[in-house]
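2 protein chains.
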Amino acid sequence: MISRATKITIVGLGLLGGSYAKGLYNAGYNVTGIDIDPSTIAFAKKMHWIVEGGPEPELVKDSDIVISALYPRTFVEWIGTNQHLLKPGSILTDVTGIKREVMGRVNDMLRPDVEYIACHPMAGREYKGIAYADCSQFEQANFIIVPTKKNTERGLETARELARILKFHRVSTLDAAEHDRIIGFVSQLCHVIALSLMNISDNPKLCDYTGDSFRDLTRVANINEDLWPELFICNKDYLTAEVDALIAQMTRMRDLINAEDVPELKKLMILATERRKRFGKR
Amino acid sequence: MISRATKITIVGLGLLGGSYAKGLYNAGYNVTGIDIDPSTIAFAKKMHWIVEGGPEPELVKDSDIVISALYPRTFVEWIGTNQHLLKPGSILTDVTGIKREVMGRVNDMLRPDVEYIACHPMAGREYKGIAYADCSQFEQANFIIVPTKKNTERGLETARELARILKFHRVSTLDAAEHDRIIGFVSQLCHVIALSLMNISDNPKLCDYTGDSFRDLTRVANINEDLWPELFICNKDYLTAEVDALIAQMTRMRDLINAEDVPELKKLMILATERRKRFGKR
Chain A
12 MISRATKITI VGLGLLGGSY AKGLYNAGYN VTGIDIDPST IAFAKKMHWI
62 VEGGPEPELV KDSDIVISAL YPRTFVEWIG TNQHLLKPGS ILTDVTGIKR
112 EVMGRVNDML RPDVEYIACH PMAGREYKGI AYADCSQFEQ ANFIIVPTKK
162 NTERGLETAR ELARILKFHR VSTLDAAEHD RIIGFVSQLC HVIALSLMNI
212 SDNPKLCDYT GDSFRDLTRV ANINEDLWPE LFICNKDYLT AEVDALIAQM
262 TRMRDLINAE DVPELKKLMI LATERRKRFG KR
Chain B
12 MISRATKITI VGLGLLGGSY AKGLYNAGYN VTGIDIDPST IAFAKKMHWI
62 VEGGPEPELV KDSDIVISAL YPRTFVEWIG TNQHLLKPGS ILTDVTGIKR
112 EVMGRVNDML RPDVEYIACH PMAGREYKGI AYADCSQFEQ ANFIIVPTKK
162 NTERGLETAR ELARILKFHR VSTLDAAEHD RIIGFVSQLC HVIALSLMNI
212 SDNPKLCDYT GDSFRDLTRV ANINEDLWPE LFICNKDYLT AEVDALIAQM
262 TRMRDLINAE DVPELKKLMI LATERRKRFG KR
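Chains as they are written, first to last, in the working numbering: chain A, 12 to 293; chain B, 12 to 293.
No wet-lab data here; the hints were simulated from the structure. No experiment lies behind these values; they were computed from the predicted model shown. Each hint should be verified, as a subset may be incorrect.
To be verified - Facing chain A, from chain B, some residues (calculated, C-beta under 7 angstroms):
| id | residue |
| --- | --- |
| 1 | Tyr40 |
| 2 | Glu63 |
| 3 | Cys218 |
| 4 | Ala256 |
| 5 | Ile268 |
| 6 | Leu279 |
What the hints assert, rightly or not - Keeping only pairs whose Cα atoms sit at most 27 angstroms apart, straight-line, the calculated DSSO-like set for lysine-lysine is:
| id | chain 1 | residue 1 | chain 2 | residue 2 |
| --- | --- | --- | --- | --- |
| 7 | A | Lys160 | B | Lys216 |
| 8 | A | Lys98 | A | Lys18 |
| 9 | A | Lys216 | B | Lys247 |
| 10 | A | Lys277 | B | Lys160 |
| 11 | B | Lys216 | A | Lys178 |
| 12 | A | Lys216 | B | Lys178 |
| 13 | B | Lys216 | A | Lys216 |
| 14 | B | Lys277 | A | Lys247 |
| 15 | B | Lys57 | B | Lys178 |
| 16 | A | Lys139 | B | Lys161 |
| 17 | A | Lys277 | B | Lys277 |
| 18 | A | Lys216 | B | Lys56 |
| 19 | A | Lys139 | B | Lys57 |
| 20 | B | Lys278 | A | Lys139 |
| 21 | B | Lys57 | A | Lys216 |
| 22 | B | Lys216 | A | Lys278 |
| 23 | A | Lys247 | B | Lys278 |
Idealized CB from N, CA, C, for every residue including glycine.
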C-alpha cells in the first residue's frame, strides 16, 4: 500500500515524469526526482512537486517505489548501470509506450529482489519538457498494466494504486504482445499518417483552406523527435504491418474511385460509419 | 444587393441547405424551399426557416437568387430539367464541394440570361438531413467563390453578400482547378484515410484503448454515403494523385523504420512539426 511514508522516486522529469510528480504532489505524497538537467530539477523544486532531487542515481537508494519516466532504451540502460542502487524489496515501474523489447531486456537482467511492473499511461501531449507537465490529462486517459508471471499481487496492486492516485480514467491489463499490437494501430499508425501528410506538401495556401478534418488528422504531427523514432523502431514488426495494411486499404479505395464503383464505395462508407460509432463522438 | 424584398429560393433542404435556410431566416430574410421530401418541408416550415415550400420546381420561378444545395450531379440534372423556370436576370449559386465538372456542365448548358456563381461553403458535419441544420458552424468556416470569365461584378458581390449574411469566417476566391486540387488534399484525402483506417480492423478491443489521435483521425469516417462517392469520383484525377503521394510517403517512412534510420526519421519529424505549426493549434 502506498502511504505518505512510502518513498517514491521518479527518474526522468520530462513531460510525463513531471506530470507524475505534479499529480503525486497534489495527492499529498513526497517525491524525489532524478534528472540530468539542473533547470528541470530547479523547476520541479520551485513548484514543490519534488522534495529533493538532482542528477545522482544514488538518490534512488532508499526508495520503495521507483518510477522510470525515461525514454525506452534509456530506461533499459539506466537499469543496467544503476540497478545495484535499488532497495531490496522495492517496486520498479515505468511509462514506456512500447513493451516487448523493454520488458524483455529489463526482466532478463533485473535483480530478483526487485519487482518490475510494466505500465503504460496512455497520456502525453504534443510537447516535451516539465514546463508542459499536466496531470489533469490523466483523468481522460487509460492506464495499462502489462503483467508477467513474475509479478506478485502486491506489485500489481501498487501499480493499480498509483493509477488511482494519479486519477487515471481507466485501469486495464494487457499482455505485452497484445499491448504493442494495439498501440501500433491506434497510436503509432496515426502518427505515421500525420507525419506523412505534413511531409507531402509545402503549399502555403493549404493553411488558408484547411478545415477541421485536416487539422484533426495532423495534430499529432507536432511530435517529440527524440522519443518517437525509438518508439517506432522498438515496435517495427507490428507497426510496419499496420502501415502495409493501411496502404492496401487506401490502394483499394483509390482503385474503386478510379473505377467509379459507387456501390462498393458506399458499402465501405457504411461499414466505416457503423464502426466509427463505437468510438464515441468527438 | 440582397434586401428583404429579394426573393431567395433554396433547392434541396439537407444539412447544408437547411443550415442556409436557418441562417437566412435568422438574418431576417424570406426564403422559399424546394425539397422532394414532404417531412423536410414540414420541418423547415415549422421552424419558420422557409415561408413557403414544396416539391415543385415551379416554386423557383419568381426568385432573384436560387441556391442549389443539391448533390453535385443532382444539381446538374436539376438545371438541365428546370432551367426554363428560372427568372431572367436571376442569380444561381450552389454549394457543391467539387467544381470543375459541375461548373463545366452547368456553364455549358445554362441560359445566357441567368448568371451562375459557383460557391463552396467549406462547412458540413458528419450527419445528413435538415434535423442537423446548424448555421453557427459557418462562423469558423471558409466560403470559397470560384468565378469564371462569365461572371459580373454584380454576381460576385451577391455571392460575397450571401457569405456575409450567413456569417462565414472568411471569403476567398480560387479558380476551379486550384479549388479541386486543394480540396482533394485537405478534405478528400483525409476522408479516404479515415475510411481506410476504419476498414482495416474490426477488433472491438480497440475502442477501449483508443486515444485522442485515433479518434481525431477517424472522426470524418462517419460519412454521408450518398454524397461522398460522387464527390470522390468527380475529383478522381486530383484525389487519386494525392492518395498515391501519401502512399509513397508512408512507404518511405515504413522503410526508414525497418532500416532503423533514426537520423532520417528525426529530420522528417522536425519538418512535420515545423509545418504543422502554421496550421494553428487544434
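Next item on the list: Against the structure, test the hints numbered earlier, and report the numbers of the ones violated in rising order.
Entry: Numbers 1, 2, 10, 13, 16, 17, 18, 19, 21, in rising order.
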